[in-house]
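S.K.: Quick note, the sequences are listed as chains H, D and Z, same order.
Residue numbers for the first sequence, in full-length UniProt numbering: 1 to 244.
Residue numbers for the second sequence, in full-length UniProt numbering: 1 to 188.
Residue numbers for the third sequence, in full-length UniProt numbering: 1 to 188.
Read the hints as simulated data drawn from the structure, not as lab findings.
If you're wondering where the values come from, they're calculated on a predicted model, not measured in any experiment.
Hints are not guaranteed to be accurate.
[To be verified] When the alpha-carbon atoms are kept at most 30 Å apart in a straight line, the in silico DSS-like pairs for lysine-lysine are as follows:
id	chain 1	residue 1	chain 2	residue 2
1	H	Lys178	Z	Lys118
2	D	Lys18	H	Lys103
3	Z	Lys35	D	Lys61
4	Z	Lys80	D	Lys170
5	H	Lys153	Z	Lys80
6	H	Lys98	D	Lys118
7	H	Lys153	D	Lys88
8	D	Lys170	Z	Lys139
9	D	Lys35	D	Lys88
10	Z	Lys139	Z	Lys113
11	Z	Lys89	D	Lys89
12	D	Lys92	Z	Lys148
13	Z	Lys113	D	Lys74
14	Z	Lys35	Z	Lys61
15	H	Lys113	D	Lys92
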Amino acid sequence: MGINIKLEIFEGPLDLLLHLIKKAEVDIYDIPIAEITDQYITYLRAMEDLDLEIASEFLIMAATLLEIKSRMLLPKAKTEGDKEASAEEDPREELVRKLVEYKKYKEFAYQLKSIEENNVIFFKSPDIIDDIDNSEVFFKNITLENLMVAFKKVIRAYENRYNDRGKIPENIDHDEFKIEDKMDEIRMLLKEKRRISFNRFFERASNKIEIIVIFLAMLELIKLKEINAIQYESFGDIIIEGQG
Amino acid sequence: MDNFLRELELLNDDDRFKGIIEALLFASGDPLSIKELSSILGIGEKQVRRIMDQMIEEYNKDTRGICVIEFNNKFQLSTKPEYGNYVKKLVKPDNKQNLSNAAIETLSIIAYKQPITKAEIDEIRGVRSDRAITTLLEKGLIREAGRKETTGRPILYCTTDEFLKYFGFKNLEELPELIEFNMEFEEE
Amino acid sequence: MDNFLRELELLNDDDRFKGIIEALLFASGDPLSIKELSSILGIGEKQVRRIMDQMIEEYNKDTRGICVIEFNNKFQLSTKPEYGNYVKKLVKPDNKQNLSNAAIETLSIIAYKQPITKAEIDEIRGVRSDRAITTLLEKGLIREAGRKETTGRPILYCTTDEFLKYFGFKNLEELPELIEFNMEFEEE
């Protein structure tokens, strides 16, 4: 038929069928079964071509459609011309019933979805209510362990943020700076440039603690004979020099 | 005190009770039932109901950013939906990832046909709904509601208070109307 | 647009802004500064100030159970103190209560890093800790310990004897050790 089928995600065979019916602009109660069956199968083939896994439900529906199609081709049983009776024997009836039922919920789901999008509401966490009658406080949820876990979590989160920003915070003195790290930094700097003024190492330090840690790292490297500190004149600039 | 006087006094107190109820709902954060409010305030449930109706009305004013939501005779304060986008700038909605199409389809069937088994849902949707059901259970929008007395005694599912809250429904009776209206609209 | 017209337009919007501000204060829980409100609403700080003054006034009405409290140009919603006795009835019969996660986090930081300022705690937690600090002060788990000799001379906080008693520490040196031990244990 040469229809260009736009691949969409369908929730199931009924969803796909509804889509095809809507696209063909035909009455759901009088589906041109041959046409719709062809389109349905074309769709499955397209899925196959794209190596999409076709759920078994889709295949079962294809079989059902083919069965209905062939039953429609059979000569009609001779009835007394009673229209109602022949309508009852319509092989599409069961399928139509299912489609109509499914459509009802699909529409409802659509409505819920739009409510969901518009009903963005927020609540407030409960107040912590004081019970002043009690001189002694008891807490259900804090033990020493809780406190430590909370601390670990908060510090870890802080460190992650700190790494992300690459910015040194103000006023915080804790074990942010490790001698090992500073030793690595000094090694790196001396790799780029063999001789560096002593003072330059401290230029970017954010606080006293960091300065001390850098200094300790330097002493450590001197002890390990990885670097030399040279002062050419009294009170003159100290030059740090790498060994390698 | 005779009845007439008592009634009069209570009426005058309504305003004060409104203040107290607002304080209670605010402090609680969680929903409070008519029963709880009635017992804390020391007034009848009917009076609580009347005051709540007035409060819900009064919160509708434009100057209010919060409102009283009601579901299953419980009340809770929440921000108004129309300001949701502003609040989002400030507070990350926890867990407020929108539901998948499969989940919302499944939910709409459960909402309307509850209590219902998985097999019955699968039959209506024409596909399996296991994943959708798990998601809905995790989100607290549905819950298990006993077992159907039939072969295999399958689990029955129904919606929760959280479901009502999530979609802003007062109670389940509102739903059929919604779906019926939807159908008529469709037919035209 | 000339100034007069602009002023007029803004005035008409004030009511809507009041609603948005109430929603923001309600959902945030933490205090919000004029600056933050101004940036979220996209209006000037002066206008925010004017609206806040009106709001504070309006909340004084008897029918309101909550009010806006202001400190340091920051605003927060709170239940009115006169309804405290009713609010207390919300507390479950047993007198054990939960400390919020914010309070536990804040307490753990103060315990380990004391003396420490609020700004430093905020920096570590990445959020404001005003409410948590107030709670901990009220519970007697922390106390003010002088001021830091730096710009603004901020208040320093440290834990109290009550805190030690509660956890049975002999002295504070025990705490870091315990944490260190625990951390190592965790890494394995």
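S.K.: Are the hints correct? Go through all of them and say.
M.R.: Against the structure, the hints come out as follows:
no., hint, verdict
1, H:Lys178 <-> Z:Lys118, "holds (25 Å)"
2, D:Lys18 <-> H:Lys103, "violated (45 Å)"
3, Z:Lys35 <-> D:Lys61, "holds (26 Å)"
4, Z:Lys80 <-> D:Lys170, "holds (29 Å)"
5, H:Lys153 <-> Z:Lys80, "violated (35 Å)"
6, H:Lys98 <-> D:Lys118, "holds (17 Å)"
7, H:Lys153 <-> D:Lys88, "holds (25 Å)"
8, D:Lys170 <-> Z:Lys139, "violated (39 Å)"
9, D:Lys35 <-> D:Lys88, "violated (33 Å)"
10, Z:Lys139 <-> Z:Lys113, "holds (19 Å)"
11, Z:Lys89 <-> D:Lys89, "violated (34 Å)"
12, D:Lys92 <-> Z:Lys148, "violated (34 Å)"
13, Z:Lys113 <-> D:Lys74, "violated (44 Å)"
14, Z:Lys35 <-> Z:Lys61, "holds (27 Å)"
15, H:Lys113 <-> D:Lys92, "holds (20 Å)"
Violated hints, listed in ascending order, are 2, 5, 8, 9, 11, 12, 13; each of the other numbered hints is respected by the structure.
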